[in-house]
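Use these hints to put chain A onto chain W, whose structure you have.
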Amino acid sequence: MTNYIIETKQLTKLFGNQKAVNNVNLHVKKGRIYGLLGRNGAGKTTIMKMILGLTSITSGEVDVFGKNIKGREKQVYPRIGAIIETPGFYPNLTGTENLEIFAKLRGTPAPNAVKNALEVVGLPYKDKKLFSEYSLGMKQRLGIANAILHDPELLILDEPTNGLDPIGIAEVRDFIKNLSVERGKTVLISSHILSEISLLADDIGIIDHGVLLEESSMEELRRKNGNYILLHVSDVSKATLILERQFGLKDYSVHDDHMLRIYDTSLDMASVNKALMLDEVSVISSQLCNDTLEDYFRKITGGDGIA
Amino acid sequence: MLKLIQIEFLKLRRRKFVWMMMLSALIMPFLAFLLFKYAWTADGDPRQFYKWSAFGFTLWIILPVVLGILSTMLMYNENQYDMLKQLWIVPVSKMRYFFSKFFVVLIYAVCFMMVTFISSVMFSVLLEDIALDWGNVLFLMKKCLESGVIIAFVILPILAIATTQKGYILPVSITLVYALLGFIIMPINMYLSPVSSMAVIVARNGDIPGLVFTQAMNIPLAFLCILVWDMISVLLANIALGKRN
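These protein sequence lines are chains W and A, in that order.
In my numbering, each residue carries its 1-based index in the first sequence increased by 100.
In my numbering, each residue carries its 1-based index in the second sequence increased by 114.
Pulled out of the complex, with its shape left as it was, chain W reads as follows (with noise of 0.2 Å):
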């Protein structure tokens, strides 16, 4: 029994003769935050509505809860709460009444639940308010409310947060953090902007052109981008053996034959130095590096847009 959430094979999407989604593997885990990274257009939506099938898969499988979503959308829909895209609801009618409509069609069994909802999202109960006099920012968050009304497992975010204003993202960041630290849920979120997803997400998928570029987790992808040493050397291979044996590291990562990374940034260079070059490894450069997350992106995405 898998331990993924959310998995997908091979997935691909084709719009005519152009690729929108190739070949993704995305996986998400149990009770983990997994923020889907990329520019506008990279294939986030796309993605996000196969795996909830809202639109045709052209190759590839989706397993929502261990199984393939296919042909089971009807037994899996009551455990997602999603918004994808911008969400819509009837003008004419309040928030508290839109959500009414929702949890009837829903049959929500919780009689507070649209309460509950609209409090957790900040937004009044019973309100006179009509939505078509909402801001984009009450939309967004009427959305998220819409999304956790019937207390779903697993929540799909599009871009929540688009819209709102900075104390409004942080708000939606911390409740989102909360429902999966403290209640376990699992969720699945899109983004262009790279400061959200690196506060808020456990996991991290990068995705540019439709194709998925790196997975990993935060804390992993936190350690290959944070401060490091450079050491440009005549032999790497002896170079680490004496690295490992007279200093005892063990924090490092071979770049190229050349060049290596040493992540222990306290060790003392000036020792280092002089023990490679007493068994003739000729230190060509040292220094001292320290990329950002955003330079990390801009490098594997072949340049910018990611904010």
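Be aware that one or more of the hints could be misleading.
No more than 27 Å apart at the CA atoms, straight line, and that leaves these computed lysine-lysine pairs for BS3-like [stated by the list, open to error]: (1) W/Lys324 to A/Lys199; (2) W/Lys119 to A/Lys199; (3) A/Lys125 to W/Lys204; (4) W/Lys215 to A/Lys357; (5) W/Lys239 to A/Lys357; (6) A/Lys280 to W/Lys226; (7) A/Lys125 to A/Lys199; (8) W/Lys239 to A/Lys280; (9) A/Lys357 to W/Lys167; (10) A/Lys280 to W/Lys204; (11) W/Lys130 to W/Lys109; (12) W/Lys129 to W/Lys174; (13) A/Lys357 to W/Lys226; (14) A/Lys165 to W/Lys239; (15) A/Lys357 to W/Lys174; (16) W/Lys174 to A/Lys199; (17) W/Lys130 to A/Lys199; (18) W/Lys174 to A/Lys256; (19) W/Lys170 to A/Lys357; (20) W/Lys204 to A/Lys165; (21) A/Lys357 to W/Lys204; (22) W/Lys229 to A/Lys199; (23) W/Lys239 to A/Lys151; (24) W/Lys129 to A/Lys199.
Calculated directly from the structure, the hints in this document are not laboratory data.
The following block gives chain A in isolation, referenced to the frame of chain W:
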């Protein structure tokens, strides 16, 4: 299904235009009253009056147009504001969704014809030369109920067209053409258009004065015409809703 129909009515809250359209049921009874009061005479026959108040323009023009607009309005919000994907992941079955709208149209049509019935009776009472005859009142009620039910099926193609469109203009324009086409086609073939087929069914006993058909009456063929159009409509709606994700 009952829950879905109830929800459809909840969605119509504060949509005053929907309920104001119901007032158009009073137009023909009132005009008929004026005509029979000041210009014509019914010679004591209430059916002459009912023909104008309930079976004339009300049934063939006003109600089809009103139901066409209603059908468009029922579909408009969800299409315009991209709400359908939210409904599909509830999940709401696409066909149940479509038929719940149809039942709203059906209930509205029956209510409309009941308003027509009540107002026709009330205005006829105000006319001096028409006596209140319970036999004729029951006849009118039966015909109004019957027409209200049949016209909902007749208008199903407009509801299906409304599922394919995001805007108002095309479905409403098609409604006008659809209603008028029923009249234009009638002398050529009564069994091509659901509107003219409805006329055949409603006037099958020849009990609506002044309604004369140029072709032989064939009730099963009239039902078949409506059935074929409705089946095509359901198919169209199914395809259109399937594409709306």
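Hint check:
1. W/Lys324 to A/Lys199: 39 Å, violated
2. W/Lys119 to A/Lys199: 23 Å, holds
3. A/Lys125 to W/Lys204: OK: A/Lys125 and W/Lys204 at ~12 Å, within 27 Å.
4. W/Lys215 to A/Lys357: The hint is violated at about 34 Å.
5. W/Lys239 to A/Lys357: 25 Å, holds
6. A/Lys280 to W/Lys226: 30 Å, violated
7. A/Lys125 to A/Lys199: 17 Å, holds
8. W/Lys239 to A/Lys280: 21 Å, holds
9. A/Lys357 to W/Lys167: 25 Å, holds
10. A/Lys280 to W/Lys204: 26 Å, holds
11. W/Lys130 to W/Lys109: 17 Å, holds
12. W/Lys129 to W/Lys174: Answer holds: W/Lys129 to W/Lys174 is near 22 Å, not above 27 Å.
13. A/Lys357 to W/Lys226: 35 Å, violated
14. A/Lys165 to W/Lys239: With a Cα-Cα distance of about 51 Å, the restraint between A/Lys165 and W/Lys239 is violated, given a limit of 27 Å.
15. A/Lys357 to W/Lys174: 18 Å, holds
16. W/Lys174 to A/Lys199: 14 Å, holds
17. W/Lys130 to A/Lys199: 25 Å, holds
18. W/Lys174 to A/Lys256: 42 Å, violated
19. W/Lys170 to A/Lys357: 17 Å, holds
20. W/Lys204 to A/Lys165: 44 Å, violated
21. A/Lys357 to W/Lys204: Distance ~25 Å between A/Lys357 and W/Lys204 Cα, so the pair holds.
22. W/Lys229 to A/Lys199: Within the cut-off at roughly 24 Å; holds.
23. W/Lys239 to A/Lys151: Violated, at roughly 56 Å.
24. W/Lys129 to A/Lys199: 25 Å, holds
Hints 1, 4, 6, 13, 14, 18, 20 and 23 from the list above are not met by this structure, while the remaining hints are.
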